[in-house]
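There are 2 protein chains.
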Amino acid sequence: MPQDSPQQPQRTDVNELGEFGLIDHLTQNFPLRNPSSLKGVGDDAAVIDNGKFLTVVSTDMLVEGIHFDLMYTPLKHLGYKSVVVNLSDIYAMNARPKQVTVSIALSNRFSVEALDEIYDGIRTACEYYKVDLVGGDTTSSPRGLVISVTAIGQGVKDKLTYRNGAKVGDLICITGNVGAAYLGLQLLEREKQVYLASPGVQPELEGHDYLIGRQLKPEARRDMIDAFEKNELVPTSMIDISDGVASELFHISKQSGVGALLEESGVPIHPDAAMQALEFKLDPITCALSGGEDYELLFTINPNDVDKVKYLPDIYIAGEIVPKEDGVKLNTKGGNLHDIQAQGWRHFDPSKLVR
Amino acid sequence: MPQDSPQQPQRTDVNELGEFGLIDHLTQNFPLRNPSSLKGVGDDAAVIDNGKFLTVVSTDMLVEGIHFDLMYTPLKHLGYKSVVVNLSDIYAMNARPKQVTVSIALSNRFSVEALDEIYDGIRTACEYYKVDLVGGDTTSSPRGLVISVTAIGQGVKDKLTYRNGAKVGDLICITGNVGAAYLGLQLLEREKQVYLASPGVQPELEGHDYLIGRQLKPEARRDMIDAFEKNELVPTSMIDISDGVASELFHISKQSGVGALLEESGVPIHPDAAMQALEFKLDPITCALSGGEDYELLFTINPNDVDKVKYLPDIYIAGEIVPKEDGVKLNTKGGNLHDIQAQGWRHFDPSKLVR
Chain A
3 MPQDSPQQPQ RTDVNELGEF GLIDHLTQNF PLRNPSSLKG VGDDAAVIDN GKFLTVVSTD
63 MLVEGIHFDL MYTPLKHLGY KSVVVNLSDI YAMNARPKQV TVSIALSNRF SVEALDEIYD
123 GIRTACEYYK VDLVGGDTTS SPRGLVISVT AIGQGVKDKL TYRNGAKVGD LICITGNVGA
183 AYLGLQLLER EKQVYLASPG VQPELEGHDY LIGRQLKPEA RRDMIDAFEK NELVPTSMID
243 ISDGVASELF HISKQSGVGA LLEESGVPIH PDAAMQALEF KLDPITCALS GGEDYELLFT
303 INPNDVDKVK YLPDIYIAGE IVPKEDGVKL NTKGGNLHDI QAQGWRHFDP SKLVR
Chain B
3 MPQDSPQQPQ RTDVNELGEF GLIDHLTQNF PLRNPSSLKG VGDDAAVIDN GKFLTVVSTD
63 MLVEGIHFDL MYTPLKHLGY KSVVVNLSDI YAMNARPKQV TVSIALSNRF SVEALDEIYD
123 GIRTACEYYK VDLVGGDTTS SPRGLVISVT AIGQGVKDKL TYRNGAKVGD LICITGNVGA
183 AYLGLQLLER EKQVYLASPG VQPELEGHDY LIGRQLKPEA RRDMIDAFEK NELVPTSMID
243 ISDGVASELF HISKQSGVGA LLEESGVPIH PDAAMQALEF KLDPITCALS GGEDYELLFT
303 INPNDVDKVK YLPDIYIAGE IVPKEDGVKL NTKGGNLHDI QAQGWRHFDP SKLVR
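Chains as they are written, first to last, in my numbering: chain A, 3 to 357; chain B, 3 to 357.
In the DSS-like style, the derived pairs of lysine-lysine whose C-alpha atoms are separated by at most 27 Å in a straight line are:
| no. | chain 1 | residue 1 | chain 2 | residue 2 |
| --- | --- | --- | --- | --- |
| 1 | B | Lys54 | A | Lys132 |
| 2 | B | Lys159 | A | Lys132 |
| 3 | B | Lys159 | A | Lys159 |
| 4 | A | Lys256 | A | Lys169 |
| 5 | B | Lys132 | B | Lys54 |
| 6 | A | Lys232 | A | Lys159 |
| 7 | A | Lys54 | A | Lys232 |
| 8 | A | Lys54 | B | Lys132 |
| 9 | B | Lys54 | A | Lys161 |
| 10 | B | Lys159 | B | Lys312 |
| 11 | A | Lys54 | B | Lys161 |
| 12 | A | Lys159 | B | Lys132 |
| 13 | A | Lys159 | B | Lys54 |
| 14 | A | Lys54 | B | Lys159 |
| 15 | A | Lys219 | A | Lys194 |
| 16 | B | Lys132 | B | Lys161 |
| 17 | B | Lys54 | A | Lys54 |
| 18 | B | Lys161 | B | Lys232 |
None of these hints come from the bench; they were simulated from the model.
Turn these sequences into a full structure, and let the hints guide you.
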């Protein structure tokens, strides 16, 4: 009777398809049937029409050992971040999150006090972003911790921004700066390795508050959604930067049927990130384009709207949407054109950096 | 630097509080802030007011080794069931599911073909129940399989049924029969143990199709929601039977501020379940009240509505709502009154039954 379920006659490794290929593969035969399902798989969030407002739904799963390492992630920060990354998806639709559900599976090595810390972080995020925890599930796991959060938001029909609305000639904008969260992670990983090798050695994390903060306590750009509303700006497309600028730009290009020309000089990099990249012997622009988890917003605007963003703090015009045939390219500071590579999997395979 | 996060100065074991105590504890400081949040934690689903229709949201997480055992759970059934158990929560609100999101974390021992089987089951459930897959997340896990599903439904304000609406004098009704899914699980567990002890022995599962089917391929009672609508019946309270009749009755009693008197003779038990319970030397009524995963509906109706259910197939009147002081009790066939015990954790600790 016992079937060895994971064994199949044909065996294709999951990694062969990559994250996005896998999602495409798995969801290809799921047509939308309900008139209320306006948008299904393939954007930052699903969109449901239940009357006056649109309901926007996004879900994310964080797995111990893949998305976080409890050796350097305080549980409160983990709870906070698990909510924020989902809210970021709702904002990336130009909508406002209103509710979250949180499901947690955890092994018996976690105490109630440990769970309380996670929920403290969840509560802090709910308070700061004014969202309500309205449900969830708490269950056992044979080992490890898994957190699955679903965020539910409200949007207005004419203002929702999808990934497929970019037009040739639109300007590519980035909020905040990118690459810092990735470098923060590399720092934490480096110190973890040092500690594991010689537990007596003090970690060298001083002076790295900014980078580590970007990794452990990201914020979602609610302020930008407010600024858009105040300035009556509706981006033509938008996505949040969870997997890295390169990856997100590919999503927008693919779904909008366009190409993109990114200017290296327009990609915002924090001085601490640039310095740290060099110290790690990494190219800062590579970290900025391929590092993820910054939770900034990448969006495109009609060039006629340029005045609406020009004087807003923290918005950088980083390139232009071009015809599809022109591909997705980076114009370096040196004036060379490089193809930008698409990236996959949301989690990192951290380089083994030593100090 | 490395903090040993799961270690806390005070350490309360999660099991000390029980599932429901833990949920109460964790969610006690989450007031609802948004006017659109009509109902938060504590019912089958959350209720959100986004305009004309109400949006009903439920989420559940299934963990390998806790909620399912891949040794006897076909992956397609697992995918099907993971959707159905969430739809059941939406129906238990007297609402209709319209969308689902599915997040899956899995280790590299699973192939794309294995994932395809899970999604085949998900697709079959989506088609049968006419719901749309609108999002989700696919990610790695260091080991094991975790599936988290969120169902989103549509309801009408005056017809949603909560757990807190039961009134003294209301009749307690149960759809279908209960206890069979639990006994199906016991059969599968028994054969697994036999197989592990002597892999050559053929499993004795013949003749047990009904019980095993109730465990591996449960259905949600959409037909009952249709029948309610047709007969213009709105239950005064409702809950789906995932943890067992006893547990669900406690939820309704606690949240409605009432007691309940259940008649043993009114609790529907399938003949196969009764027979199998006796073979296992278990009391059939105990299996019926404490076994879970039947995904039938437990609901209460105003006695004036009794004609509306009397002639419906598959609805059993199993007792009456009584004043709170009278407690939650079972009137046995022998005429004795027993306190019904509250149950916890949704997953089972299967008795080690041998044949």
